[in-house]
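Given the coordinates of chain P, work out where chain F should sit on it, guided by the hints.
There are 2 protein chains.
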Amino acid sequence: MKAYFLIFCLPFILQAQEILPSWNEGPIKQSIIEFIQKTTDPSSVDFVPVEDRIAVFDQDGTLWAEHPLYSQLVFVFDRIPQMAKDKPELKGKEPFKTVLSGNKEAMMRLTGKDLMEIAALALTGMTTEQFAIDVQKWLQTARDARWDRPYIELTYLPMQELMAHFRKNGFKTYIVTGGGQDFVREYAWDVYQIPPEQVVGTAPEVKFSYNQEGMPVLMKLPKILLNDNYGGKPEGIHLMIGKRPIAAFGNSTGDQQMLEYVTGGSGLRLAMLVLHDDAIREYAYGPADGLPDTKVGTFTQDLYDQALKSNWGIISMKKDWKQIFSF
Amino acid sequence: MKAYFLIFCLPFILQAQEILPSWNEGPIKQSIIEFIQKTTDPSSVDFVPVEDRIAVFDQDGTLWAEHPLYSQLVFVFDRIPQMAKDKPELKGKEPFKTVLSGNKEAMMRLTGKDLMEIAALALTGMTTEQFAIDVQKWLQTARDARWDRPYIELTYLPMQELMAHFRKNGFKTYIVTGGGQDFVREYAWDVYQIPPEQVVGTAPEVKFSYNQEGMPVLMKLPKILLNDNYGGKPEGIHLMIGKRPIAAFGNSTGDQQMLEYVTGGSGLRLAMLVLHDDAIREYAYGPADGLPDTKVGTFTQDLYDQALKSNWGIISMKKDWKQIFSF
Numbered sequence: 022m023k024a025y026f027l028i029f030c031l032p033f034i035l036q037a038q039e040i041l042p043s044w045n046e047g048p049i050k051q052s053i054i055e056f057i058q059k060t061t062d063p064s065s066v067d068f069v070p071v072e073d074r075i076a077v078f079d080q081d082g083t084l085w086a087e088h089p090l091y092s093q094l095v096f097v098f099d100r101i102p103q104m105a106k107d108k109p110e111l112k113g114k115e116p117f118k119t120v121l122s123g124n125k126e127a128m129m130r131l132t133g134k135d136l137m138e139i140a141a142l143a144l145t146g147m148t149t150e151q152f153a154i155d156v157q158k159w160l161q162t163a164r165d166a167r168w169d170r171p172y173i174e175l176t177y178l179p180m181q182e183l184m185a186h187f188r189k190n191g192f193k194t195y196i197v198t199g200g201g202q203d204f205v206r207e208y209a210w211d212v213y214q215i216p217p218e219q220v221v222g223t224a225p226e227v228k229f230s231y232n233q234e235g236m237p238v239l240m241k242l243p244k245i246l247l248n249d250n251y252g253g254k255p256e257g258i259h260l261m262i263g264k265r266p267i268a269a270f271g272n273s274t275g276d277q278q279m280l281e282y283v284t285g286g287s288g289l290r291l292a293m294l295v296l297h298d299d300a301i302r303e304y305a306y307g308p309a310d311g312l313p314d315t316k317v318g319t320f321t322q323d324l325y326d327q328a329l330k331s332n333w334g335i336i337s338m339k340k341d342w343k344q345i346f347s348f
Numbered sequence: 022m023k024a025y026f027l028i029f030c031l032p033f034i035l036q037a038q039e040i041l042p043s044w045n046e047g048p049i050k051q052s053i054i055e056f057i058q059k060t061t062d063p064s065s066v067d068f069v070p071v072e073d074r075i076a077v078f079d080q081d082g083t084l085w086a087e088h089p090l091y092s093q094l095v096f097v098f099d100r101i102p103q104m105a106k107d108k109p110e111l112k113g114k115e116p117f118k119t120v121l122s123g124n125k126e127a128m129m130r131l132t133g134k135d136l137m138e139i140a141a142l143a144l145t146g147m148t149t150e151q152f153a154i155d156v157q158k159w160l161q162t163a164r165d166a167r168w169d170r171p172y173i174e175l176t177y178l179p180m181q182e183l184m185a186h187f188r189k190n191g192f193k194t195y196i197v198t199g200g201g202q203d204f205v206r207e208y209a210w211d212v213y214q215i216p217p218e219q220v221v222g223t224a225p226e227v228k229f230s231y232n233q234e235g236m237p238v239l240m241k242l243p244k245i246l247l248n249d250n251y252g253g254k255p256e257g258i259h260l261m262i263g264k265r266p267i268a269a270f271g272n273s274t275g276d277q278q279m280l281e282y283v284t285g286g287s288g289l290r291l292a293m294l295v296l297h298d299d300a301i302r303e304y305a306y307g308p309a310d311g312l313p314d315t316k317v318g319t320f321t322q323d324l325y326d327q328a329l330k331s332n333w334g335i336i337s338m339k340k341d342w343k344q345i346f347s348f
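Line by line, the protein sequences give chains P and F.
For the first sequence, this note's numbering begins at 22 and goes up steadily by one.
For the second sequence, this note's numbering begins at 22 and goes up steadily by one.
So that you can see chain P by itself, here it is in the shape it has in the complex (with noise of 0.2 Å):
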């Protein structure tokens, strides 16, 4: 009996124990890995053909670290000495100025309207190409400062096996960001096994243009075509995917309308956004327990709220993730 149960039973018993192995047990795994099995089972009423199985997943915060600050922000502050260099007249001008001082608690002060300003300088006027190099040197070379790591190291593990997940299960995974769509496509395939065009994210224009030597270039312009947060983003997914995802994952208020665009499809849909209550292990701040305001990643007292309401699931860090990084 024993060795019966054994040899027929064990497969199960393993494939089952691999699933998401650094999510611990609760409703939160639960419920993805039934919404998964639901969709996928030909034989299920909330069946879904292959070709729309699509899940999109909020890239800072959600996939990755996003404190003390996006990781993007980070890299556009790098670069301003580096331009300071061949633009001197930078270094009497504010907000530029505030940046070179290399002041971090005057730089966290910047407003929006600063921070739009030096990211437009810092990302555009160049060619795509150009910036493609830029990206990947800094990538190289730049470190988080608490963990001692390349940024590229901060993302979530949990995160990582349920993308995987949804991909063996025939899903396209994709990356809806509020970050730039081509500063996140530079790492997204080594970091997430996410091709460029499953990238949507904050778009300049770019112009068709002829370089020097007669060769067609892409310039990047100061000017946004796609401001991929809030209801960008459902913009974005339909510019970009032209079908309605059937489950989305976020952390922030940028990605509400996300959450609301995807569950209002017909047929099973699947919603959750990521706390981060776990400040031993990660960060803390959102609005649950008395976390704190954060401007960084900011989830209102509001959208939790309507994630109760709307029955989306919310992803505690401390309860639901057995280990948050690789490392």
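Treat the hints as calculated values from the structure; they're not laboratory data.
Be a bit skeptical, because a hint or two may be false.
No distinction is drawn between identical chains; accordingly, a pair holds when it is met within one copy or between any pair of copies.
Claimed, not checked - Computed list of lysine to aspartate or glutamate pairs in EDC-like fashion (alpha-carbon distance at most 16 Å, straight line):
hint : residue 1 : residue 2
1    : K118      : E138
2    : K193      : E72
3    : K264      : E150
4    : K50       : E182
Please read these numbers as outputs of a predicted model, since none were measured by experiment.
Relative to chain P, chain F alone:
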């Protein structure tokens, strides 16, 4: 000896015969087959990893017939009488008056600006979902006059075979069209086995909002976000694919910059233009052999000269295609 030959060689002979059966033997067919062989053979110096195998195709005039009029323009014209029922003021107002007159010759004389105004009315101002329903309805009833067939049957069999051959060899095939992205996406899967996310086209802005029931919807606004023609094609490719494709097919001046961009990358590249030189089996227009000019799918002498100079292939419908349509 003979039996051995058959047993061992017949499968190879059959396989060779099966590649692009609607293409006549010749340098064009040969260079397509060679390009795919070289880029997919791991031992070749021209080998391209599967994630970089991207081939882009213009639609109108490249994958299906564009004469006497782009089918999307027929759709637009067909919608105006319906819209005039709700908006009777259109009846007295140009350019709508001309469209409502049904006078085809007068309609052919409408200016680009007129057509933009008509298209804006017919293609925007509704939700993306309502638009999809309207397009589906039209596709099921509208018929091309010359062949008395639904428009979606007017695709070129040799190009269908070509796209299938690319895909069989690990390529992702994209449509990059000056036509409306939302319009083409409605039939691209059925007609070309190309999913919506692999259709790049001219796109209006969409705006996230809520309908009267409080459900999230996307409204199509009368404002162009991406004009996917000329330089807009490489711009759209960068936005939506994020990589430089390695093969491109077009048929008109609107495709020139796309072919320049694709062939401007390093490594082996393939670029070809379809020449409409078969008045009997399809239509004849363009630069070669005194073919007439056209406003629909313009192929200038300049483009022809550039193609010869740049070593882009010219696909003669008359000489290179054994069969044009599947019917």
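Each hint tested on the structure:
1. Taking the shortest Cα distances, K118 and E138 sit within 16 Å of each other inside one copy (12 Å), while across copies they are farther apart (48 Å).
2. Taking the shortest Cα distances, K193 and E72 sit within 16 Å of each other both inside one copy (8 Å) and across copies (15 Å).
3. Taking identical chains as interchangeable, the C-alpha atoms of K264 and E150 lie at most 16 Å apart only when they sit on different chains, with a minimum of 10 Å there against 30 Å within one chain.
4. Taking the closest pair of Cα atoms, K50 and E182 come within 16 Å of each other only inside a single copy of the chain (12 Å); across copies the shortest separation is 45 Å, beyond that limit.
Hint check: no violations occur; every hint is consistent with the structure.
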